[in-house]
Amino acid sequence: MRHRRAVLACSAAVLVVGAGLGVGPALAQDALRIGLVNEATGPNAEAGVFTHNGAKLALDEINAAGGLLGRKVELKLEDNQSTNPGTVLAFSKLFGDKSVVAVIGPIRSTQVQAASPTIMKAGIPTMIGGSDPSLTKVNNRWVFRARPNDSYSSRVIADFGVNTLKKQKWAILHSTDAFGAGGKAALEAALKTYGVTPVLVQGYTNNSQDFTPVVLAIKKSGADVIGSYMTNSPDVGIFAKQLRQLGVSAEWIGSSSVASVTAVQLAGPALDGVHGVTDFNPDSSPEAKAYSAKYRAAYKLEPDVYSSWAYDAMRVLAMGIANAKSTDPEAVRKAIIAIKGWKGVEGTYNFDDNGDGLRGYNVIQVGGGKVAFIKHIDFKD
Amino acid sequence: MQTLFDNLQVLFQGLALGSIYALVALGFVLIIRATNVVNFAQGDFAMLGGYAMVLFFTGLSWPYWLAFVAALAVMAVFGVLFNYGVYYPLRHRSFLPVLISTLGASIFLQNTVLAVFGPQPRPLDKVLSIDGLQVGGVFLDSQYLVILAVTVAMVAFTYVFFEHTLLGKKLQATSQDKDMARLLGIPVAAMITITFVYSAMLGGLAGVLVGPILFVSIGMGSIIALKAFAATIIGGFGDVTGAIVGGLLLGVIESLAAYHISVPYKDAYAFLALFLFLLVRPQGIFGEKVSEKA
Chain A
1 MRHRRAVLAC SAAVLVVGAG LGVGPALAQD ALRIGLVNEA TGPNAEAGVF
51 THNGAKLALD EINAAGGLLG RKVELKLEDN QSTNPGTVLA FSKLFGDKSV
101 VAVIGPIRST QVQAASPTIM KAGIPTMIGG SDPSLTKVNN RWVFRARPND
151 SYSSRVIADF GVNTLKKQKW AILHSTDAFG AGGKAALEAA LKTYGVTPVL
201 VQGYTNNSQD FTPVVLAIKK SGADVIGSYM TNSPDVGIFA KQLRQLGVSA
251 EWIGSSSVAS VTAVQLAGPA LDGVHGVTDF NPDSSPEAKA YSAKYRAAYK
301 LEPDVYSSWA YDAMRVLAMG IANAKSTDPE AVRKAIIAIK GWKGVEGTYN
351 FDDNGDGLRG YNVIQVGGGK VAFIKHIDFK D
Chain B
1001 MQTLFDNLQV LFQGLALGSI YALVALGFVL IIRATNVVNF AQGDFAMLGG
1051 YAMVLFFTGL SWPYWLAFVA ALAVMAVFGV LFNYGVYYPL RHRSFLPVLI
1101 STLGASIFLQ NTVLAVFGPQ PRPLDKVLSI DGLQVGGVFL DSQYLVILAV
1151 TVAMVAFTYV FFEHTLLGKK LQATSQDKDM ARLLGIPVAA MITITFVYSA
1201 MLGGLAGVLV GPILFVSIGM GSIIALKAFA ATIIGGFGDV TGAIVGGLLL
1251 GVIESLAAYH ISVPYKDAYA FLALFLFLLV RPQGIFGEKV SEKA
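Chains as they are written, first to last, in my numbering: chain A, 1 to 381; chain B, 1001 to 1294.
Hints may contain errors.
Pair by pair, the computed Cβ-Cβ distance ranges are [as the list claims (entries may be wrong)]: (1) A:PHE373 x B:GLN1002: 33 to 41 Å; (2) B:ALA1268 x A:THR197: 25 to 33 Å; (3) B:PHE1095 x A:LYS370: 51 to 59 Å; (4) B:LEU1114 x A:GLY66: 41 to 49 Å; (5) B:LEU1114 x A:THR197: 41 to 49 Å; (6) A:GLY368 x B:GLY1287: 54 to 62 Å; (7) B:ASP1125 x A:THR110: 49 to 57 Å; (8) B:GLN1120 x A:ARG296: 14 to 22 Å; (9) B:ASN1007 x A:ALA297: 56 to 64 Å; (10) B:SER1262 x A:LYS370: 33 to 41 Å; (11) A:LYS137 x B:VAL1152: 56 to 64 Å; (12) B:ASN1036 x A:GLY369: 46 to 54 Å; (13) A:ARG296 x B:LEU1096: 51 to 59 Å; (14) A:ALA322 x B:LEU1060: 50 to 58 Å.
List time: in silico BS3-like cross-link candidates among lysine-lysine, alpha-carbon distance up to 27 Å [what the hints assert, rightly or not]: (15) A:LYS294 x A:LYS343; (16) A:LYS340 x A:LYS325; (17) A:LYS192 x A:LYS137; (18) A:LYS370 x B:LYS1126; (19) A:LYS121 x A:LYS334; (20) B:LYS1126 x A:LYS219.
For the record, the hints were derived by calculation from the structure and aren't laboratory data. These numbers come from a predicted model, not from an experiment. C-beta atoms are modelled at their ideal positions from N, C-alpha and C, and glycine is treated no differently.
Take the sequences, apply the hints, and build the full model.
Okay, here's the thing in structure tokens:
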């Protein structure tokens, strides 16, 4: 008897003290949970660490500013093992937890594609980083993208080559996988709007050990600019070296892989002068600069797209929930779609009904093992 | 004239890549002859050699020759470990358990290297400091020249070693008939260990040589091994000359076909050649040194 009375007395004391300090509501309710489906293990585990870093940085800022709807926000991690089945499983686990009000999904298009039906069934707002244009066009109302999709990368490549570099004789080089074939089709379409028909469209399979036939074909075509969608960094390295060895001096504007840290390191001076497009560059805007400084200070690492998109995704979700003044999925969806002109670290977000937020890319140039920011190109539609 | 130069250029690249296939195929053949098993980890020997070089040369900044010798020494030790860890415990079983064992070793090796070195591919310096030579309209990459020279040297060495030294003859006897060899007093287990050591060193050598061109990555071995395996079949299962000729032939076929017909189907030509050989001449160009009697 005496024991129970002691417990009661203590509980009452805690309640009184808690109320007296004015932290009652925030502590009384459970924390708001945001899920993160992340590549914590498997071949892409390194990128997974960066993604977690970016999301965590935004989370800490949100909590420092008082959380959301008066509640603290927590990140709930689920590993997808860098695989499609793992992604579906991770989403199912997160959606099984009723305290999870929104999710940050994967950056890989194929994983998003695999999990799309699960997301649709659960009806929970999910931010994605996969850049395949079709992902937001499958009538899935719950998918929102915190990166520009690939149709914009091809438009930026075409715009920069035709309008800035003033080149008309294009060779398109592409991997024959889903990413490369999609990029090739988009780039051909984008060039057509400028009245340009490529003099050469050349495919290759990933992990080609030798690009000599490709380089000779480019040489023969007389192209003065190469637009490329290459998937793997080693392929970029091998191609770049052979291109310069065989004396081709054409300009080269590539999708983001040409300026990846790995490609620049592998190719060395062979990539000097090459342009690339990328959604994140630390020098592209005041927001990106501020973010990069914070990221470097927090993790002693150079920020890249794997962290920057997750940072933006977290901020967009927080803004959606705060503006909706509720965690009701329908209200949050409405609030995210209503975000216009918000400057994130990847660019200016103007969400459309499909859930696409960004419509631009940064053009960068490789030189001396470093990547320099050239310009940001945005489209209205 | 330009067309001629372009064809020569393609031929050169094909021969050089074919040399790499040949070096790895040679390792395949030696192990097949000694143990009657295809070693599915043969490509990973090349990967390990590449990473050993990255560790000693790039990581520890040793001089090139020292790093090179150290990498080959690591491969020699690894050959012994591989023999006792992967082959020896299963030596009395049929070929299937051993084959699965080498497959398991391959997966284990790739994941171990992934855990230690991470997923990023690594660049490696060329043996010579010059990038290459411009001869007429043809660019000869210095590393490819080195690869061709080393392959010729290794072929000559392997020939002299197997045909004109006592140890080589003991190895041949072991591969042809283990029981007979044992009766003659040849230490069969030691001969097989030596075969694994030599084969691991050949694989490692291929990795070190090709590293500056294809970069050192976890998957580099698998790509090369698949072609080397096809080369082994084309040349003749279990024949040293066959491995060399098969490798060079495969490299040239895929390069020329890629240039003249279509690039995306480059890998297909190699396997089409494999398919044709299996159909028309399954014993390969040279066949086996000792034919099985019915």
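Okay, the hints, checked on the actual structure:
1. A:PHE373 x B:GLN1002: 33 to 41 Å: Roughly 39 Å apart at Cβ, these two residues keep to the hinted range, so it holds.
2. B:ALA1268 x A:THR197: 25 to 33 Å: Holds - the Cβ-Cβ distance for ALA1268 of chain B and THR197 of chain A, about 28 Å, lies within 25 to 33 Å.
3. B:PHE1095 x A:LYS370: 51 to 59 Å: At 53 Å between Cβs, range holds.
4. B:LEU1114 x A:GLY66: 41 to 49 Å: holds, 42 Å
5. B:LEU1114 x A:THR197: 41 to 49 Å: holds, 44 Å
6. A:GLY368 x B:GLY1287: 54 to 62 Å: holds, 55 Å
7. B:ASP1125 x A:THR110: 49 to 57 Å: violated, 36 Å
8. B:GLN1120 x A:ARG296: 14 to 22 Å: Holds, at about 20 Å.
9. B:ASN1007 x A:ALA297: 56 to 64 Å: holds, 57 Å
10. B:SER1262 x A:LYS370: 33 to 41 Å: holds, 37 Å
11. A:LYS137 x B:VAL1152: 56 to 64 Å: holds, 57 Å
12. B:ASN1036 x A:GLY369: 46 to 54 Å: Because 50 Å falls inside the window, the suggested range holds.
13. A:ARG296 x B:LEU1096: 51 to 59 Å: holds, 54 Å
14. A:ALA322 x B:LEU1060: 50 to 58 Å: For ALA322 of chain A and LEU1060 of chain B the Cβ distance comes to about 53 Å; the hint holds.
15. A:LYS294 x A:LYS343: Distance of about 17 Å is within 27 Å: holds.
16. A:LYS340 x A:LYS325: Within the cut-off at roughly 18 Å; holds.
17. A:LYS192 x A:LYS137: Distance of about 23 Å is within 27 Å: holds.
18. A:LYS370 x B:LYS1126: holds, 22 Å
19. A:LYS121 x A:LYS334: Status holds; Cα separation ~18 Å.
20. B:LYS1126 x A:LYS219: holds, 26 Å
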